[in-house]
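These are the residues of each chain, in order.
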Amino acid sequence: MDVSQYLEIFIDETKEHLQSLNEHLLILEKEPDNENTINEIFRAAHSLKGMAGTMGYKRMQRLTHDMENVFSEVRGGNMKVSSELVDILFRGLDALENYLANILESTEEGTEDNEDIINALNNILKGGVGGSQETETKVATNTATANIVAQATKDDKHKYKNIKLEEHEINAIKKANDMGLNVVGLTVYIQESCVLKGARAFMVNRTLEEHGEIIKLDPSAQDLEDENYDLDYSAFVITKDTPEILAKAAANVSEVKEVVADIYQLSEVDKAIVTASNEAMKKQKAKSGKVPTAKKSVKQVVNRSVRVDIGKLDVLMNLVSELIIAKNGLISVSSESDIMLDSAYHEQIEYLERITTNLHESVMKTRMVPIESVVNRFPRMIRDLTKKLNKNMELYMTGEDTELDRTVIDEIGDPLMHLLRNAADHGLESNEEREKVGKNPVGSIFLDAYQEGNNVVIEVRDDGAGINVDKIRNKAIDKGSITEEQAERMSDKDIIDLLFQPSFSTAEEVSDVSGRGVGLDVVKTKIEALGGEIEAKTKLGEGTNFIIRLPLTLAIIQALMVNIGTEKYALPLGSIQTVENILISSIKKAQGKEVINLRGNIIPIIHLNQILDCEKLEVAEEEDANELLVVIVKKGERYAGIVVDKLIGQQEIVIKSIGKYIKCPKIISGATILGNGEVALILDVNTLV
Amino acid sequence: MVEEAKQYIIVKLGEDPYGIEIKYIESIIVMQKITRVPKAQSYFKGVINLRGEIVPVLSLRKKLGFDEVEDTHATRIIIVRLEEQGAAIGIIVDEVKEVISLAGSDISKLNYDDKNDKATYSLGIGKFGDHLINILNISAMAEQDKQN
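Top line first, the protein sequences correspond to chains S and A.
The numbering used here applies: residue 2 is where the first sequence begins, and numbers increase by one.
The numbering used here applies: residue 186 is where the second sequence begins, and numbers increase by one.
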């Protein structure tokens, strides 16, 4: 069987299963008796084994098989969940992840057998079931399961008979009986080798729907679609045809092993319930005058979803960008001619503008991914760190459903991991130290994500010792990063910002968890590359908080277009506070810098034309020689006033990269194409603050 | 040694002919409005909009250390792309003349001299009829500016 076409699905689903195993193992360690969790683990391991087997990844299959045996023992209550057991299982998961990584790279699983893990698993099995031989255990479990299957096939093939029906379903069956229609119960068995069980179930159901109406599925349609079922499921169909016809039609779908079907008879109890409820319904009918139809409540509204290649979404996004540029072009052409006087034309342009904005929003939304996909691996990481650092700690996460653009999601994982490691290693004190100062010996790390205006904020917080500002100050002086004089003048905040400078680590000892001095500056660079910013807040003895702010969207933003000299520049609207007219006479000098006093805030003035070497605009000087146009921008707590020559207006702009060949200063964050086809540079005013 | 002939586009700076291998060239466009990029390398004139793509443009005259001249109706921007999916780069030349074929044997290599920029930019001197053509090493020119 050629399975290459399933490779992508296999990789995606394996990732999901591994993630689910990771998460549930963590839960299991805390709640060893949680039945749902162990069932969930068992199911994921089982699917994983099946898929690996189908794809011909023998080593992967073998390892999952042995892990599954352990899970099976735990499920059967023959084995206690211990920390060592979980450790070995986690090692197994890591090995599986390595297999997956190999498959991703070369479509081959590699040659690592992971014998040690398999041996460890088997040893546990031996110990867990009381010293019996490994092979025996295996055979025993195997025969046990085989027996169950055999039994099931003998007595219980018509599984639908044991399903408990809801009242409205019984009602519908009764009605169908009254109308002379057949109610057929079916149980569909799918082949073990089936790769896409969800799709198979869907096809079977569609076939059944050609013959009648499905009134119940067990498991539910949603679960079937998500493949949350073993190898069989049951359905009830109201039809004119006989059970045999239905069974044959369903069995014709490929990869279906067997279908059993029969007329479904209501038990007397059921009938009684229905009569009773019918009475009640009649009363209600008399009251409200309308009957709730059974059909409506039975048909499930399924949230259909499609996996889309990321590349296709990128293409779509580019096309939307092009469309917005074209729209801007149309507006700029029409504003130069008399055509704008035509109100019908004007209306159409506005209509177009609305559509492009909505289209942009919709496409953006499709690209949005919950941050969960990044942060869900962190609980596992913290568990590992707990062991490695010998420090008890807990990770509390909120806002995992906060959404971010996919490109940001891809990049944000490493910086967050860095910060968490930092918090665990340097932020939190050792358990003994914590106890000494009267804190809960178990340290806490918080990861909070939430949306704030046009930004997504992610906070990584710990309740550890906090940053000792004086220590950093001294270290910085020792290292020669700052002079003593400078150190005197710097505020605590400025000192903390030093942490983000390259090769600045305060940890006295270098550990392999963190503290190589390549931490925070890398984090900062990465986040700034994503158009975001990071700041640190700390309180000695109470903990440290790293706050990351990221823009919601990357590709298209609202900007204020301004003239500086003869050139046009775009200032992202997000960082702009206000625009002010400032009298030149009100500008003061402080420490050689120009500042203004704006409603109590002392704000430094920055002349962009000097920074950007722009030519002076002659005309502007004549017009308003005694006033300056100042754009006030804010970054964190700090303000700056940026002098521009003329405001052009607000515009939706598409951010384009300026490429790697041309060297440009930090302040230029990209370029955009204006309506008339000209290029304008985008200024990242945050770098000036 | 017989090498297969390659095609070159002959461009001119003043009276001097230069050759650019045709496989790198995506298109040749007329002069456009160039948006200046502050603090960039002096030979980069800025960026242009090439069908929705932002493309940096450099002056070949400045890159090779010549004085700049006023643009004329013959001034062209040659769009080169070194890798198929890579970024494009625009090169301003005074004039585009013709396409010629040169065999490897028609080109004599210059002695490599890493102190001399202009030598690194040259792949050799091509002999075409009575003319001597300086074949430009476009990838060396671009690589130098590439940033990580």
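Some clues are possibly wrong.
As the list claims (entries may be wrong) - Derived, one-sided and incomplete: chain A residues facing chain S with beta-carbon distance under 8 Å:
no., residue
1, S227
2, Y228
3, I274
As the list claims (entries may be wrong) - Take a look, some chain S residues computed to stay more than 10 Å from chain A by CB distance:
no., residue
4, G128
5, D310
6, S322
7, S658
8, I669
Keep in mind that the hints were calculated from the coordinates and are not lab data.
Model, not experiment: these values are computed from the prediction.
For each residue, glycine too, the CB sits at the ideal point set by N, CA and C.
Hint check results:
no. : hint : in the structure
1   : S227 : 10 Å, violated
2   : Y228 : 10 Å, violated
3   : I274 : 5 Å, holds
4   : G128 : 54 Å, holds
5   : D310 : 17 Å, holds
6   : S322 : 8 Å, violated
7   : S658 : 7 Å, violated
8   : I669 : 7 Å, violated
Of the numbered hints stated above, those contradicted by the structure are hints 1, 2, 6, 7, 8, listed in ascending order.
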